Amino acid sequence: MIVYRRVKVWSVLLRLYHWAFALSIITLFLTGYYIHNPFALGPWEGTPTNFLMAKIRFVHFVAGYVFMAALLTRLYLLFFGNKFERFTDFIIFRPRNLVRLFHTVRAYLYLGEHESHGGHNPLAGTVYLCVLVLSIFMALSGLFMLYPEGGLWASWGVALFGTQQIARLFHYLLFWVYLIFVMIHVYLVVWNDIFGSEGIISSIFSGRKFLKA
Amino acid sequence: MSRLFANGLMKLRRRDFLKAATIATAAMGLPASMVDKVAAAIKSPARPPVIWLHFMECTGCTESLLRTSHPDVATLILDLISLEYHETLMAAAGHQAEENLKRAVEKYRGKFICVVEGGISTKDGGVYCKIGGRTALEILKHVSADASAVVAVGTCAAFGGIQAAAPNPTGAVGVRDIVKDKPIINIPGCPPNGYNILATIAYILTFNKFPELDELNRPKFAYGRRIHDHCERRPHFDEGRFVEQFGDEGHKKGYCLYKVGCKGPVTYANCPTQRFCDVGVWPVAAGHGCIGCTEPNFWDNMIPFYEHVPGVEVPAGQGIVGKAERIGKFAIGAAAAGIAIHAAAGVIKKATTKEKEE
Ligand code: HEM
Ligand code: HEM
Ligand code: SF4
Ligand code: SF4
Numbered sequence: 001m002i003v004y005r006r007v008k009v010w011s012v013l014l015r016l017y018h019w020a021f022a023l024s025i026i027t028l029f030l031t032g033y034y035i036h037n038p039f040a041l042g043p044w045e046g047t048p049t050n051f052l053m054a055k056i057r058f059v060h061f062v063a064g065y066v067f068m069a070a071l072l073t074r075l076y077l078l079f080f081g082n083k084f085e086r087f088t089d090f091i092i093f094r095p096r097n098l099v100r101l102f103h104t105v106r107a108y109l110y111l112g113e114h115e116s117h118g119g120h121n122p123l124a125g126t127v128y129l130c131v132l133v134l135s136i137f138m139a140l141s142g143l144f145m146l147y148p149e150g151g152l153w154a155s156w157g158v159a160l161f162g163t164q165q166i167a168r169l170f171h172y173l174l175f176w177v178y179l180i181f182v183m184i185h186v187y188l189v190v191w192n193d194i195f196g197s198e199g200i201i202s203s204i205f206s207g208r209k210f211l212k213a
Numbered sequence: 214m215s216r217l218f219a220n221g222l223m224k225l226r227r228r229d230f231l232k233a234a235t236i237a238t239a240a241m242g243l244p245a246s247m248v249d250k251v252a253a254a255i256k257s258p259a260r261p262p263v264i265w266l267h268f269m270e271c272t273g274c275t276e277s278l279l280r281t282s283h284p285d286v287a288t289l290i291l292d293l294i295s296l297e298y299h300e301t302l303m304a305a306a307g308h309q310a311e312e313n314l315k316r317a318v319e320k321y322r323g324k325f326i327c328v329v330e331g332g333i334s335t336k337d338g339g340v341y342c343k344i345g346g347r348t349a350l351e352i353l354k355h356v357s358a359d360a361s362a363v364v365a366v367g368t369c370a371a372f373g374g375i376q377a378a379a380p381n382p383t384g385a386v387g388v389r390d391i392v393k394d395k396p397i398i399n400i401p402g403c404p405p406n407g408y409n410i411l412a413t414i415a416y417i418l419t420f421n422k423f424p425e426l427d428e429l430n431r432p433k434f435a436y437g438r439r440i441h442d443h444c445e446r447r448p449h450f451d452e453g454r455f456v457e458q459f460g461d462e463g464h465k466k467g468y469c470l471y472k473v474g475c476k477g478p479v480t481y482a483n484c485p486t487q488r489f490c491d492v493g494v495w496p497v498a499a500g501h502g503c504i505g506c507t508e509p510n511f512w513d514n515m516i517p518f519y520e521h522v523p524g525v526e527v528p529a530g531q532g533i534v535g536k537a538e539r540i541g542k543f544a545i546g547a548a549a550a551g552i553a554i555h556a557a558a559g560v561i562k563k564a565t566t567k568e569k570e571e
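From first to last, the protein sequence lines are chains A and B.
For what it's worth, this note's numbering labels the leading residue of the first sequence as 1, then goes sequentially.
For what it's worth, this note's numbering labels the leading residue of the second sequence as 214, then goes sequentially.
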């Protein structure tokens, strides 16, 4: 008989961040893809005006701001969150985490048992860190396109991307990267829920994981 | 200038002169009350001497200036500056021309404006562009050292232009990569609008200083806003009405050209308001998308011209151009296949190992 403790790992702020991030990204996917390829023919002349593209862009920008708020929250938590939320818990530049990384990969290859622990496994943690870095680029390229005329974002944008077109290409390529991340992420979360014992899916709602006592 | 057109063939009538001065004033974003001041400055006898250099280019910028349907703009520009050296226009040739250049540089040391048209080759010491035995690189360094300012006219001079497009066999660059110690104004475009050249020079003459410039040294009055934000087809964009294909119903009705590759959303220029050819037309008005000719490296970045995000080379530099979307879909497919295989292995594992009771 194994005994489990219910341990609090994710703060309210982290959970709020996760769902603001996830829902905003899903909105950004849908609206962004429409902006990229406005497949539905807008109303032809004569029908009442509805500003389809303008509205969809508006939703994209609102979701973009939610996304950036969530991003800033997570960047804050990387340094000032609880011990599972800080970047030091899962970066691979620690002997402890290298061992955990090895165990994680072994488990994913079905060569070893799943090891339960509180925070992220180092593989997931590293990917999440990369996603945060990409998110900064996503936000910068988005802001450059959104505020093209002079001012802070234009200077930053030109310094970083050179031209709007490169920013747009970047933004668009990253769209696919996010899509792939979300697919694999959701799959692995479900996988961990099946093969692990922490109750990982409910942890992102309740903030609690089940750890071996 | 008067030496070049001594026969007075291109003398301007006063009405035309005022008209052009008014358009230039409007282009600078100045109120009508400034027209007199601009006109006076343009006519002032203390005009700065200009040395106009040609390097790797098609001379299209000069040509397009000279070929306007009314000669106003060209005449004005060429008139309002006292042109000391312009390879396309001057009568001198060969050694005589070289001699003129040398003399002009010496005579107006520190005072003249150096206008550059064309990119500069830098590879192998710049041997791919030579004039009178000297490389473009040498000439530019030499002439710009004594200039008061450098004006790069056209995308080639500003950013390298078509000869700088990948794989850039001659190592072509724009003026800004060579001249570091002089103020530079870029007036890019392929070709740039004549009024933007005129207005820039008129601005310097009127106010004795540079107009406000953006991050890429372009005058903000001309390059401060995106095409897309001033386009007459913009209502169709916002409404979601697009040309799907050239010649289709939407094209006939004048819908937005976004889906056929218009680069208006990423290009800074005043084409929609300034327009071309003295007949109030510009490419988008004529039914063709903007190709982004005022932006750095547009021959590389803005292609394919008929898609709004560029293709990506896979593998890099191998020349196999795939669309970003195709790559994205391929990667998604690969990820999905990976997930499916991994999940199948998991199912097999679950089925074959006995679950421990916990
Ligand atoms: C994961 C997050 C995001 C995704 C997946 C996403 C996706 C996209 C896509 C696919 C496009 C169309 C690109 C094209 O032209 O082909 C786009 C355009 C754009 N996005 Fe995002 N985006 C995200 C975040 C943001 C953020 C944070 C902002 C900033 C507020 C932003 C602002 C913009 C702007 C301004 C455009 C250009 C729209 C236009 O002018 O027509 N995006 N986005
Ligand atoms: C139904 C959908 C989703 C579920 C059930 C889910 C669940 C989870 C869980 C359980 C974790 C914690 C993993 C751990 O303990 O190591 C997590 C983390 C994370 N999820 Fe999701 N997720 C979902 C959708 C998304 C989406 C759409 C995104 C968007 C990109 C996303 C981005 C992230 C990120 C970045 C983290 C890391 C959190 C951190 O920075 O600490 N998730 N998710
Ligand atoms: S035609 Fe080009 S510049 Fe005009 S609204 Fe459409 S995309 Fe923008
Ligand atoms: S519309 Fe675009 S491509 Fe055409 S001249 Fe203007 S900036 Fe250049």
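Please keep in mind that the hints were generated in silico from the structure rather than gathered at the bench.
Just so it is clear, the structure is predicted and the values come from calculations on it, not from any experiment.
We put the CB at the ideal spot given by N, CA and C, even for glycine.
Check before you lean on any hint, since a few could be wrong.
Okay, derived cross-link-like pairs now, SDA-like style, lysine to any residue, Cα gap no bigger than 25 angstroms in a straight line [claimed, not checked]: (1) B:K542 / A:L23; (2) B:K354 / B:K466; (3) A:K8 / A:L179; (4) B:K315 / B:T272; (5) B:K320 / B:P261; (6) B:K472 / A:L75; (7) B:K393 / A:I56; (8) B:K232 / B:Q487; (9) B:K563 / A:M183; (10) B:K466 / B:G500; (11) B:K465 / B:F518; (12) B:K562 / A:F210; (13) B:K562 / A:H185; (14) B:K542 / A:Y34; (15) B:K542 / A:K8; (16) B:K472 / A:I56; (17) B:K320 / B:K472.
Take a look, some chain A residues computed to stay more than 10 angstroms from chain B by CB distance [unchecked claim]: (18) P38; (19) L52; (20) M53.
- Message: Name the hints, by number, that the structure is in violation of.
- Response: Failing hints, ascending: 2, 3, 6, 7, 15, 17, 18, 19 and 20.
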